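S.K.: Throw the hints in and build the complete structure from the sequences for me.
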Amino acid sequence: MPVFYGVEVGSALMLGTAQYPSPATLAGAFRSSGAGVATVSLRREAGGGQDFWALVEGLGTRVLPNTAGCHSVKEAVTTAHMAREVFGTRWIKLEVIGHADTLQPDVVALLEAARILSEDGFDVFPYCTEDLTVCGRLVDAGCRVLMPWGAPIGSGLGLNNPYGLRSLRAHFPEVPLVVDAGIGLPSHAAQAMEMGFDAVLLNTAVAKAGDPVAMARAFALAIEAGRAACLADPMPARDMAAPSTPVIGKAFLS
Amino acid sequence: MLAHRCEGETAEEPVERLGAAAAAWWERHAGGVQRNGTLVLTLARDRAELDRFARRSRGHRVVDAEGIASLEPDLAGRAGSGLFFAEEAHLSPRVALETLRLRLADRGVRLHREAPAARPEWTVDARGLAARDCLPDLRGVRGEMLVLRCADLALSRPVRLLHPRIPLYIVPRGNGVFMLGATMVESDRRGKVTVRSVLELLSAAYALHPAFGEAEILETGADARPAFPDNLPRLRRRGRTLFANGLYRHGFLLAPALAGMLADHLERGIRPEFMDQDIDGEVTA
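Heads up: the protein sequence lines correspond to chains A and B, in order. To convert, note that position 155 of the first sequence is 155 in our numbering; the numbers rise steadily by one, no gaps. If you count the second sequence from 1, you need to add 254 to reach our numbering.
These aren't lab readings, by the way, just hints derived from the structure by calculation. Predicted model only: the values in this text are computed from it and were never measured. Just so you know, not all the hints are guaranteed correct.
Okay, the calculated beta carbon distance ranges per label pair [stated by the list, open to error]:
#, chain 1, residue 1, chain 2, residue 2, range
1, A, P234, B, D305, 34 to 40 Å
2, B, R525, A, G164, 58 to 64 Å
3, A, G210, B, A371, 52 to 58 Å
4, A, A54, B, G475, 47 to 53 Å
5, B, S457, A, E8, 40 to 46 Å
Where a beta carbon is used, it is the ideal one built from N, C-alpha and C, also for glycine.
M.R.: Written out as structure tokens, the structure is:
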């Protein structure tokens, strides 16, 4: 199971808590999937979200507060401090949005916020792109987890750049890597796990499914399958057919 | 809006079933119900949202650009396809409540703003979010809305605009007045509307029709809806007090059903569908 900042979590599925039809459905999705981490936003709910945050804490899952909706270093740092107060955790999923339409991270502001928060004792989970240089700088800034996107948040497009994600895995073999955002189907999550990613973080694909509780379970199974496949060392793909039974001696030319 | 079919897209089953009778109830007791249905639209790039909504709701038919124009001439050319929910209705909530109050007064019901001195046989506690002192699993879900006047646009029915980030509905109130709603934020803050919410609501309305760009903003409103974890209402009995609460965003849609259950329980001892705790607060369902 993945280990983040010295803490082993119970599942490689990390599940967001937004957009569900109701908190009861949200709780059902966590029960059916056994998700190891629950992410929760603070920005928009600030000043009145205590009831919902209490519900999230009641899920019995480790909570990873996030800075969703922040567009500047200052906003993100302030929100992180608030999260530490509210949830009593050093963990913070750091999101600094740079582009309104695609919700791409502002990697320049992200780096600065990551450095400030790491120096301040936070365990930072940065939502980033798969750019090797940016990821290297985030590690230099103190991040011990990297969370590259698969595709834009909420798009459900899956892994847009498998080459880039593979390359990231190869360059940072010791850093826990989580594909965060863009996952639409369990097969996308399985693909990330087959590539050797440590975990997958998703929200919309479960919350906006017709049956979120059943979909959460489907994701848990896919992630387990993907992880098992990765550990089992998959065969290489090849262009030429290779029969699994010998054909010599069979009347294959007749 | 009395939109049991559209709400059925995400709400639990009782909302659609029990909400179906709301329009007839309000018409009978308050009048002013307009049964013109609901039109559901998307902007071109969110077309997939319309397909999803169609799959998860019932009681609609698909309308093309021509169909949209014949239902709402002022929306001609604004969308290529939509869904029409013919069974749904809308009313003016404030007018309906005032009419209800006057009719109750005609029947001898007296309204007081303070608790009566004599202890009543039964107390029905319907204080909404204020009843959290007795109902610890009640939470607030913030909603924000705007009232606009737009002389250049006429609509006959509520229009819902599906959008992955900013779902919106526009309800015509007559005389060029429209209600725009409503945000859903997991917060019990009751303060004024936020800039972000106003920006989102107005930009969605403007995208639906540019005529909203010239509309006057008559009113902004924000409050917190009382809701239980499954967003369904509850009737709970403690001694001689009955709590009726948790109507969430379905106040006008489910209040008739909830009030009916309450009356049946008081008068005939029938156990209400929405009762999950008994006299001592023990969980029974």
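S.K.: Should the hint that S457/B and E8/A are 40 to 46 Å apart at their CB atoms be regarded as holding?
M.R.: Since the Cβ atoms of S457/B and E8/A sit about 45 Å apart, the hinted range of 40 to 46 Å holds.
S.K.: Taking the beta carbons of R525/B and G164/A, is their distance inside 58 to 64 Å?
M.R.: 60 Å, holds
S.K.: Tell me if the beta carbons of G210/A and A371/B are separated by a distance inside 52 to 58 Å.
M.R.: Since G210/A and A371/B have Cβ atoms about 54 Å apart, the given range 52 to 58 Å holds.
S.K.: 47 to 53 Å was suggested as the range; check whether the CB atoms of A54/A and G475/B agree with it.
M.R.: For G475/B against A54/A, whose Cβ atoms are near 27 Å apart, the range 47 to 53 Å is violated.
S.K.: The hint says 34 to 40 Å between P234/A and D305/B; measuring C-beta to C-beta, is that right?
M.R.: Holds, at about 35 Å.
Violated hint for the displayed structure: number 4, the only one.
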